[in-house]
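Enquirer: Now for the letters of each chain:
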Amino acid sequence: MTDFNQAERIQQSLKKRYRAELRFRWYGRLAVGFAMLCLLALFTDIISKGIGAFRTTAISLEVTYDLEQVGVTDLANKDELLYADWDALSKQALRNQFPEVTGRKDKRELYRLVSNATGFELSKALKANPDLVGKTEQIWVLADDDIDTWYKSWLAGNPYEERLTENQIAWLTQLVADQKLNLQFNTRFFTGGDSREPEQAGVRGALMGSLLTLAVTFLLSFPIGIASAIYLEEFAPKNRLTDFIEVNINNLAAVPSIIFGLLGLAIFINFFELPRSAPLIGGLVLSLMTLPTVIITSRAAIKAVPPSIREAAIGLGASQQQVVWHHVLPLAMPGMLTGGIIGMAQALGETAPLLMIGMVAFIVDIPNGVTDPATVLPVQIFLWADSPERAFVEKTSAAIMVLLAFLILMNAAAIYLRKRLEKRW
Amino acid sequence: MTTDANFELTNHKTVGVIETEQAKMKMRNVNIFYGDNQAIHDVSIDIGKNEVLAMIGPSGCGKSTFLRSLNRMNDTVDSCRIEGSVLLDQDDIYHQSMDPVSLRARVGMVFQKPNPFPKSIYDNIVYGPRLHGLVDSKVDMDELVETSLKRAGLWQEVKDRLKSPGTGLSGGQQQRLCIARAIAVQPEVILMDEPCSALDPIATAKIEELIQELSDNYTIAIVTHSMQQAARVSQRTAYFHLGKLIEVNPTEKVFTMPEHQLTEAYITGRFG
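The listed protein sequences correspond, in order, to chains P and F. Just so it is clear: in the first sequence, position 101 is 101 by the numbering used here, and no numbers are missing. Positions in the second sequence are counted from 1; adding 425 to them yields the numbering used here.
Treat the hints with caution; some may be incorrect.
Unchecked claim - Think about it this way: if two alpha-carbon atoms lie no more than 27 Å apart in a straight line, the pair counts; the simulated BS3-like pairs of lysine-lysine are:
1) Lys91(P) - Lys124(P)
2) Lys91(P) - Lys152(P)
3) Lys419(P) - Lys544(F)
4) Lys544(F) - Lys303(P)
5) Lys588(F) - Lys419(P)
6) Lys303(P) - Lys538(F)
7) Lys563(F) - Lys544(F)
8) Lys49(P) - Lys107(P)
9) Lys588(F) - Lys563(F)
10) Lys544(F) - Lys584(F)
11) Lys588(F) - Lys575(F)
12) Lys107(P) - Lys91(P)
Claimed, not checked - Pairwise CB distance ranges (calculated):
13) Ile415(P) - Lys575(F): 37 to 45 Å
14) Ser319(P) - Gly460(F): 19 to 27 Å
15) Asn368(P) - Ser522(F): 53 to 61 Å
16) Ile224(P) - Ser522(F): 34 to 42 Å
17) Ser527(F) - Ile224(P): 27 to 35 Å
18) Ser527(F) - Asn411(P): 44 to 52 Å
Hint data in this document are derived by calculation from the structure and do not stem from the laboratory. Glycine is no exception: its CB is placed at the ideal position from the N, C-alpha and C atoms.
Produce the entire structure from the sequences given, and follow the hints as far as they go.
Expert: See the structure below:
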């Protein structure tokens with residue numbers, strides 16, 4: 001009788017346990033599903049907003065390279081080239097395109113169809129190829145950002161006309177009818193630096209800035225972090241001092257990043273007088289910020305190396321340093337790399353400390369070295385998101401896409417490295 | 426007869442014969458401490474040349490600690506402190522002129538759990554000799570790998586896959602690889618810390634056979650939990666109890682006519 005009862009009870013509790021397990025699985029699935037949904041929503045939003053920035057509107061113009069008109073007599077004279085009125089070429093071409101425009105005000109409206117970088121572009125073409133002098137060519141020139149916004153919204157069936165005059169809309173409609181308006185791949189977005197004119201703004205400067213800053217961060221924080229981890233884990237005596245150091249490293253990992261920015265401002269810029277806005281300082285500050293992460297994860301990776309491997313090496317007569325170099329380091333390397341990646345990813349997305357050291361400045365030139373003024377991708381995103389021009393909305397999303405691509409590329413490289421280094425035992 | 430160990434052991438002196446005629450290692454009045462805890466109390470014993478000495482005793486009796494002190498493996502434990510003298514031939518291994526690295530080239534060790542490096546079988550063998558600069562040329566290394574594996578009775582099984590990872594072998598093969606790795610350095614003494622406890626009976630039999638063959642050339646100290654194993658492979662047996670060396674005698678005598686009542690209690694299975 002008791003046996004029967006016990007079996008019955010086990011059966012009942014078993015059902016309950018299975019039900020609980022099933023429930024738990026569904027909670028898990030729901031959580032994962034919700035996370036995926038959020039991610040999907042985020043990506044759809046960013047991509048749908050930003051995809052347009054990879055193409056830009058161009059206007060087809062018949063340009064005559066007339067040196068007289070720009071006021072240049074000799075192409076070799078640099079001063080003349082510098083002060084020449086290159087915009088006259090595109091203005092003439094626009095007047096030829098619409099001969100009916102005569103009034104001063106109308107003409108000014110007409111000139112605003114093309115980007116104000118057009119003259120500069122034409123001068124560049126001429127300098128690269130002096131044979132063009134006196135010739136006439138049908139070429140595509142960059143349209144102004146208001147035109148770009150209008151054309152893209154017009155293509156989408158919902159034209160945004162607030163920033164345009166009636167004349168301009170009429171001319172544009174004619175250009176569209178003549179097939180002299182189209183969308184081209186926006187190379188400038190990937191090759192240009194920042195600009196106040198959205199159609200000329202590129203992400204290259206920020207990308208290079210991020211790359212240089214991260215290079216400095218990696219070169220500093222990875223070797224120093226691993227060296228500290230190895231010393232603390234393998235060589236340092238266990239006493240009050242090392243305990244104190246350990247506690248402080250853990251505390252540093254929790255310090256808000258803007259504090260590191262202030263530290264960088266006070267020490268690197270004010271005391272050492274290093275150049276402000278430079279990737280060098282950005283890298284230094286971000287290394288300070290990522291070092292605790294790298295040290296903590298590296299120490300965990302070293303601790304995870306099985307003691308039996310250490311004993312085997314010591315038993316064969318390896319010195320402490322040989323044990324570390326031959327066995328501990330290779331086995332811990334995948335874990336250390338993971339720590340490095342987490343640190344780098346953190347550094348890549350960091351904005352606050354960089355604001356403190358001047359990497360938020362408006363910088364048009366593309367940095368070529370770690371001491372050139374630069375900005376980084378997240379700061380560039382912040383700057384564009386803050387700009388009033390409507391065309392910067394899609395630029396912002398596109399810059400986010402570039403940042404995410406950078407992040408994914410970096411992580412993929414690290415995962416590949418880790419897989420190659422991983423050994424089983 | 427009583428088995429009240431604490432009462433018996435307050436003023437214990439090791440019974441039996443601790444000396445041997447040709448001592449390879451001489452331990453005298455060895456005390457080992459972990460912090461404030463004393464793990465080994467006043468142990469004195471010799472290990473004879475080309476002899477197999479078995480150390481037996483219940484869990485936690487300090488036999489592994491004692492074994493590991495013979496090639497200074499305990500140096501890696503910060504809290505560990507040792508008193509007394511341990512002589513290898515005439516050299517005090519704890520004297521400051523003795524380098525632990527060169528000591529471990531002379532006194533090799535095989536561990537409880539097979540622990541090949543995550544490298545190829547070949548690299549496992551040549552690791553030690555390379556460390557000490559014993560081999561230079563490829564020919565020397567090939568020869569060394571072959572002789573070491575042959576001595577460890579593993580050559581026939583692995584000669585065609587020397588480049589495959591040592592961790593891919595079976596447990597018994599891994600342990601023989603570890604023995605081959607230890608003898609590749611040409612040590613004078615080999616310490617074995619329960620080398621068969623993770624192995625099945627067939628692999629164990631192979632290792633035991635190997636131990637007997639190796640004792641022609643090497644001096645071996647083995648810690649074991651299996652009394653049968655001690656009886657099969659060793660010439661002398663030492664019985665440890667609560668950090669004290671109770672009895673040392675020829676193996677036959679220990680298992681047939683133990684002098685001390687604690688030894689008798691242990692080998693007849695009354696505790697342990």
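Enquirer: So, for every hint listed, does it hold in this structure?
Expert: Now the hints, each set against the structure:
1. The hinted pair formed by Lys91(P) and Lys124(P) meets the criterion: a straight-line CA distance of about 17 Å does not exceed 27 Å.
2. Our distance criterion of 27 Å between C-alpha atoms is met by Lys91(P) and Lys152(P), whose separation comes to about 24 Å.
3. At roughly 16 Å between alpha-carbon atoms, Lys419(P) and Lys544(F) fall within 27 Å of each other, so this suggested pair holds.
4. Proposed proximity of Lys544(F) and Lys303(P) is supported: the alpha carbons are some 20 Å apart, at most 27 Å.
5. Restraint check for Lys588(F) and Lys419(P): satisfied, since their Cα atoms lie roughly 21 Å apart, inside the 27 Å limit.
6. Of the pairs offered as hints, the one joining Lys303(P) and Lys538(F) holds, with about 19 Å between alpha carbons and a cut-off of 27 Å not exceeded.
7. For the hint pairing Lys563(F) with Lys544(F), the CA-to-CA distance comes to about 18 Å; that is within 27 Å, so the pair holds.
8. A C-alpha spacing of about 33 Å is found between Lys49(P) and Lys107(P), which places the hinted pair above 27 Å, so the restraint is violated.
9. Only pairs whose Cα atoms come within 27 Å are accepted, and Lys588(F) paired with Lys563(F) is accepted, the gap being roughly 14 Å.
10. For the suggested pair Lys544(F) and Lys584(F), the alpha carbons sit about 16 Å apart, so the restraint of at most 27 Å is met.
11. With a C-alpha separation of about 17 Å, the suggested pair Lys588(F) and Lys575(F) falls inside the 27 Å cut-off, and the hint holds.
12. Proposed proximity of Lys107(P) and Lys91(P) is supported: the alpha carbons are some 9 Å apart, at most 27 Å.
13. At about 43 Å, the CB distance of Ile415(P) to Lys575(F) agrees with the hint of 37 to 45 Å.
14. Checking the proposed 19 to 27 Å range against Ser319(P) and Gly460(F) shows it holds: the Cβ atoms sit about 26 Å from each other.
15. Between Asn368(P) and Ser522(F) the C-beta distance comes to about 59 Å, which sits within the given range of 53 to 61 Å.
16. One distance hint, 34 to 42 Å for the beta-carbon pair Ile224(P) and Ser522(F), holds here, with the actual separation near 37 Å.
17. A hinted range of 27 to 35 Å holds for the C-beta pair Ser527(F) and Ile224(P), which are about 34 Å apart.
18. The given range of 44 to 52 Å is respected by Ser527(F) and Asn411(P), whose C-beta atoms sit roughly 46 Å from each other.
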